[in-house]
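Visitor: Residue numbers (the working numbering): 1 to 176.
Note that these hints are calculated values from the structure, not bench results. Please read all numbers here as calculations on a predicted model, not as lab measurements. Glycine is no exception: its CB is placed at the ideal position from the N, C-alpha and C atoms. A couple of the hints might just be wrong.
As the list claims (entries may be wrong) - In silico SDA-like cross-links for lysine to any residue, where the CA-CA straight-line distance does not exceed 20 angstroms:
#1 Lys155 - Lys141
#2 Lys71 - Lys85
#3 Lys71 - Arg45
#4 Lys169 - Leu146
#5 Lys108 - Thr70
#6 Lys127 - Thr70
#7 Lys127 - Asp62
#8 Lys152 - Val162
#9 Lys127 - Glu149
#10 Lys85 - Asp62
#11 Lys141 - Val162
#12 Lys141 - Gly100
#13 Lys155 - Thr75
#14 Lys141 - Ser157
#15 Lys71 - Ile31
#16 Lys113 - Ile27
#17 Lys113 - Thr70
#18 Lys113 - Thr128
#19 Lys163 - Ile27
#20 Lys85 - Lys9
#21 Lys9 - Ile27
#22 Lys108 - Glu171
#23 Lys71 - Val142
#24 Lys85 - Pro139
#25 Lys127 - Glu148
#26 Lys9 - Thr48
#27 Lys173 - Val4
#28 Lys108 - Lys127
#29 Lys2 - Asn23
#30 Lys113 - Leu146
#31 Lys113 - Gly100
#32 Lys155 - Pro130
#33 Lys108 - Glu149
#34 Lys127 - Lys163
#35 Lys163 - Ile14
#36 Lys2 - Glu171
#37 Lys173 - Ser157
Stated by the list, open to error - With beta-carbon atoms standing in for the labels, derived distance ranges:
#38 Arg176 - Thr70: 31 to 37 angstroms
#39 Asn164 - Asp47: 24 to 30 angstroms
#40 Gly175 - Asp69: 14 to 20 angstroms
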Amino acid sequence: MKGVYSLGKYVPQIATSCWIAPNAAVIGNVIMEENCSVWFSATIRGDTDEPITIGARTNVQDNAVLHADTKVPLTIGKDVTIGHKAMLHGCTIGNNSLIGIGATILNKSVIGKNCIIGAHCLIPENKTIPDNSLVVGSPGKVVRQLTEEHFKALKESADHYVKNADWFKAELKPGR
């Protein structure tokens, strides 16, 4: 698969249903569960003993950067949308969450399930965000709790990207 690289002893483990854009880079100690997608120019660099684990139906959008750190894994749950240019470093993201465009989440931070981390939000090291939270700002602050309607929209975002990845897998061809 284009854009997938082993690095020494580290070999990516990628479910066959995943789609990776031709100019994205998935390197080393990375585990991708079923129906994940990695979009154009995203980089997932698994160059430590700590894995980067990406749950089923999660999408990593264009120009996002994901990296683990020594003794600090990066773990992303199922049905997560990681927005364009987001930076995730050695953190944990709960199921059915959305990380906004340009957001940065640093080492040992934990984002609960069903959360929205707003565009350009900074989550500093060691911060825990409770389930069902809307977080904005730099540094990020919880501004309110989300509702069932929001949870449904988050799931629909993940579902959309599974369908979009299937379309790109089937129809993306080099230009003329």
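Visitor: Now look at each hint and say whether the structure bears it out.
Guide: Quick rundown of the hints versus the structure:
no. : hint                               : verdict
1   : Lys155 - Lys141                    : violated (23 angstroms)
2   : Lys71 - Lys85                      : violated (25 angstroms)
3   : Lys71 - Arg45                      : holds (15 angstroms)
4   : Lys169 - Leu146                    : violated (33 angstroms)
5   : Lys108 - Thr70                     : holds (11 angstroms)
6   : Lys127 - Thr70                     : holds (18 angstroms)
7   : Lys127 - Asp62                     : violated (25 angstroms)
8   : Lys152 - Val162                    : holds (15 angstroms)
9   : Lys127 - Glu149                    : violated (26 angstroms)
10  : Lys85 - Asp62                      : holds (6 angstroms)
11  : Lys141 - Val162                    : violated (30 angstroms)
12  : Lys141 - Gly100                    : holds (14 angstroms)
13  : Lys155 - Thr75                     : holds (18 angstroms)
14  : Lys141 - Ser157                    : violated (23 angstroms)
15  : Lys71 - Ile31                      : holds (17 angstroms)
16  : Lys113 - Ile27                     : violated (27 angstroms)
17  : Lys113 - Thr70                     : violated (25 angstroms)
18  : Lys113 - Thr128                    : holds (11 angstroms)
19  : Lys163 - Ile27                     : violated (24 angstroms)
20  : Lys85 - Lys9                       : violated (28 angstroms)
21  : Lys9 - Ile27                       : holds (11 angstroms)
22  : Lys108 - Glu171                    : violated (39 angstroms)
23  : Lys71 - Val142                     : violated (28 angstroms)
24  : Lys85 - Pro139                     : holds (17 angstroms)
25  : Lys127 - Glu148                    : violated (25 angstroms)
26  : Lys9 - Thr48                       : holds (10 angstroms)
27  : Lys173 - Val4                      : holds (19 angstroms)
28  : Lys108 - Lys127                    : holds (7 angstroms)
29  : Lys2 - Asn23                       : holds (8 angstroms)
30  : Lys113 - Leu146                    : holds (11 angstroms)
31  : Lys113 - Gly100                    : holds (15 angstroms)
32  : Lys155 - Pro130                    : holds (18 angstroms)
33  : Lys108 - Glu149                    : violated (29 angstroms)
34  : Lys127 - Lys163                    : violated (33 angstroms)
35  : Lys163 - Ile14                     : holds (18 angstroms)
36  : Lys2 - Glu171                      : holds (16 angstroms)
37  : Lys173 - Ser157                    : violated (25 angstroms)
38  : Arg176 - Thr70: 31 to 37 angstroms : violated (47 angstroms)
39  : Asn164 - Asp47: 24 to 30 angstroms : holds (29 angstroms)
40  : Gly175 - Asp69: 14 to 20 angstroms : violated (39 angstroms)
Violation of the numbered hints given earlier is confined to hints 1, 2, 4, 7, 9, 11, 14, 16, 17, 19, 20, 22, 23, 25, 33, 34, 37, 38 and 40; the remaining hints are satisfied by the structure.
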